[in-house]
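From just these sequences and the hints, can you work out the full model?
For reference, each letter of the sequence shown is one residue, going 1 to 718 in UniProt numbering.
What the hints contain is simulated information worked out from the structure, not anything from laboratory work.
Because the structure is a prediction, the values reported are computed rather than measured.
For every residue, glycine included, the Cβ atom is placed at its ideal position computed from N, Cα and C.
Errors might be hidden in some of the hints.
Said to hold, decoys possible - Restraint-style ranges between C-beta atoms, simulated for each label pair:
| hint | residue 1 | residue 2 | range |
| --- | --- | --- | --- |
| 1 | Asp329 | Arg135 | 20 to 26 angstroms |
| 2 | Gly562 | Arg656 | 34 to 40 angstroms |
| 3 | Ile119 | Val326 | 40 to 46 angstroms |
| 4 | Arg484 | Arg372 | 34 to 40 angstroms |
| 5 | Met280 | Thr134 | 54 to 60 angstroms |
| 6 | Pro371 | Asp626 | 36 to 42 angstroms |
| 7 | Lys328 | Lys261 | 18 to 24 angstroms |
| 8 | Ile119 | Lys328 | 54 to 60 angstroms |
| 9 | Asn468 | Pro371 | 20 to 26 angstroms |
| 10 | Gly683 | Lys264 | 19 to 25 angstroms |
| 11 | Ser402 | Val428 | 22 to 28 angstroms |
Claimed, not checked - When the alpha-carbon atoms are kept at most 35 angstroms apart in a straight line, the in silico DSBU-like pairs for lysine-lysine are as follows:
| hint | residue 1 | residue 2 |
| --- | --- | --- |
| 12 | Lys356 | Lys291 |
| 13 | Lys357 | Lys198 |
| 14 | Lys400 | Lys431 |
| 15 | Lys695 | Lys356 |
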Amino acid sequence: MRIRAIHFPCYEINLLYPLPLMVGLVEGVDMVGDGFFFGGILVGWTRYMFSGLFLFVLSTGDSVLKFCSTQRGLAYLCHYFCRMSDGLFCMKLGDSKVLRADNGHGQKNCENCDNEKGIDITVLYTDVSGGVRTRTINSRDLSSSWVWENPDDGKHATEKAKVIELPPQKTMSKSENDIRPFFDQRKQTNSITPLKLKRQRLRQRRREKRAAELINMSEESELEIEARAIKRSKQFNNTTRGRYGIWRIEYQNPISDSLLKLMKDQIVMAKVYASIAHSMKKIDLYDLLLKHIRETQHAIEDASIDADMQQDALECAKAMGHTLSVAKDALYDCEVVDRKLRAMIQSAESSINVVKKQSTFLIQNAAKTVPRPLHCLPLYLATDYYLHRYHTEKLSDNSKFSDPSLYHYAIFSDNVLATSVVVNSTAVHAKEPEKHVFHIVTDRLNFAAMRMWFIKHPPSPATIEVQNIDEFKWLNSSYCAVLRQLESARIKEYYFKANHPSSLSTENENLKYRNPKYLSMLNHLRFYMPEVYPKLNKILFLDDDIVVQKDLTPIWSIDMKGMVNGAVETCKESFHRFDTYLNFSSPIISNHFNPQACGWAFGMNIFDLVEWKRRNITGIYHYWQDLNVDRKLWKLGSLPPGLITFYNLTYPLDRRWHVLGLGYDPAINPSEIENAAVIHYNGNYKPWLDLAIIKYKMYWSKFVNYNDPYVQFCSIAQ
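See the structure below:
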């Protein structure tokens, strides 16, 4: 019998469970695909165009054979795949007869077909449970569109069927389970063309050349390669934890951690039975359970999937299962086990709460702690400032400070390096930097360092002014409500008394409000813009944890429709609305504000100071601060009083002006960051801290001159 190539791409059938299958090659196919069935599941699939459809002969349960017939052509059935897999089945058929499709007009091509008794077709396959089954089907049960024809008939000799002679099959050991697609065997029969031979020779020459280079490589070159590899490893984004692989998600085993989960469940039940055994004085069983718990924990260690566990993990699971079976027979009592499991759940919840509390405390502590290099920088700058008498030197032309026709920026910060990044990134992207004026306000402690930095690094041709907040004589406790509150004994107790209800031991969730920045008047100076800059009409407020990526000049020409504050709204679905920040259980809040009103962000805000004065915004701020003296309306911070003060007075800017979240959200769309005019590192993971999200740090660090002598002296690393 001459064996023909067998292929089975047919997109008309959706296989949801193992089906025994028999297929043959149809004449008239221009190009064929590749594929094979393993365990009744389609592994291969066609990748080529073909002129006719392929033949499928299916058998499902007790139903008769069904055909995915062709438009034309001769189908040769064979049993080539009968021993390739237990999941396949084969069909035995005499060499002298083959099935043939009709010619498309319902005409049969054999004589006395109706008088024949038919040929029995034996089917061998495995069912769902793995058992071997056979079934016999008579050819008379086939559809009337199929007839018999002698393959020696020369009627179809001129048809262009693609026939491939298969080599004799070798005996395949059952242990190998080597299921080879027919397509691979077909490729082996193709002769090597001169072009393929030339390519193979070129590849071999490249391999030999590379091997010679590696052998003759000098020690200096090896060290250089090693140094580059170490540098690349340091730049690797290690914030995304988890398992890495070269395969796509759809190829991953969905139950790759089934054994791991089983062993963890076994540990839980073993602890339950161990506790019961100890209470019932069954020491031998108690010791045995503890032994298996330790062995299982050692096999698991830090594994996240089955492949990460020890090699003897399966044996440990079997041994643990046997021990649990013995313990269940000896100790099982439904009520006792239920009580033990409830107690374990409560204990686990308590432990989780303690760990979460400690984690929150440590993150807040790390976020508010000044790193040693950043502490060194202002000290070094202040020393040079007074040692070399720079206090008499002027920074810029004073005439520009009050010119309303220029573009003015307000930056309130005590962080020298962060402020320099804001100024540098803004000046670099400005189309007319000579028209931009930066007003920096800092505290007395950092005033000398801030002036010294910009004396040594002026953002020319832009103008810069550095002021000391302690020199604002009008800013005193008799005028400023929040300043009176910050100086009160109650606030000091709130921050510095260990036994206060906000302390860690009392499990209060509001640790973030104990950040020292809330004690700084620099955080509240934004509500006194007309007092700080009385001669200006508009000013753009910038936080010190932002980076400017585009020219901000167009923002001054936005028509704010009579609003005072221009800001980007931050509400998404139910998040960042007023009820997130304010206490709506208080009638004072609920009677004046809508809990679903959309929140907005400080960080980049354009203020119309003319409208500010007309609407007495500072007076509104003072009114609500006096009502919140006991902190019942909102917690500490500047955003809640900002939402109240500018309620119905905020103009929503396009989101592309200001993208937030780089200080806490690792999943921001990169295109949003690239297209943003300003990116904001709001959150605990500031770019100058070790906590920073690595993939976002580069946007900030490219505006830091790491070759600067002050930066190098303080060991500020990139």
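Consistency of the hints with the structure:
1. The given range of 20 to 26 angstroms is broken by Asp329 and Arg135, whose C-beta atoms sit roughly 45 angstroms from each other.
2. Against the hinted window of 34 to 40 angstroms, the Cβ-Cβ separation of Gly562 and Arg656 comes to about 23 angstroms, which falls outside the hint.
3. As the Cβ distance of Ile119 to Val326 is approximately 60 angstroms, the hint placing it in 40 to 46 angstroms is violated.
4. Between Arg484 and Arg372 the beta carbons are some 35 angstroms apart, a value that agrees with the proposed interval 34 to 40 angstroms.
5. Between Met280 and Thr134 the beta carbon distance is about 56 angstroms. The supplied range of 54 to 60 angstroms therefore holds.
6. At roughly 38 angstroms, the beta-carbon separation of Pro371 and Asp626 lies within the given 36 to 42 angstroms, and the hint holds.
7. About 19 angstroms separates the C-beta atoms of Lys328 and Lys261, a value consistent with the hinted range of 18 to 24 angstroms.
8. At about 58 angstroms, the beta-carbon gap between Ile119 and Lys328 stays in the expected band of 54 to 60 angstroms.
9. The given range of 20 to 26 angstroms is respected by Asn468 and Pro371, whose C-beta atoms sit roughly 24 angstroms from each other.
10. In this structure the supplied range 19 to 25 angstroms is violated for Gly683 paired with Lys264, their Cβ-Cβ distance being about 33 angstroms.
11. Our hint of 22 to 28 angstroms for Ser402 and Val428 holds, since their Cβ atoms are close to 25 angstroms apart.
12. Between the alpha carbons of Lys356 and Lys291 the distance comes to roughly 31 angstroms, so the proposed pair stays at or under 35 angstroms and holds.
13. The suggested pairing of Lys357 with Lys198 is violated, with an alpha-carbon distance near 67 angstroms, which exceeds 35 angstroms.
14. For the hint linking Lys400 to Lys431, the alpha-carbon distance of about 18 angstroms falls within 35 angstroms, and the restraint holds.
15. At roughly 26 angstroms between alpha-carbon atoms, Lys695 and Lys356 fall within 35 angstroms of each other, so this suggested pair holds.
The structure shown violates the earlier hints numbered 1, 2, 3, 10 and 13.
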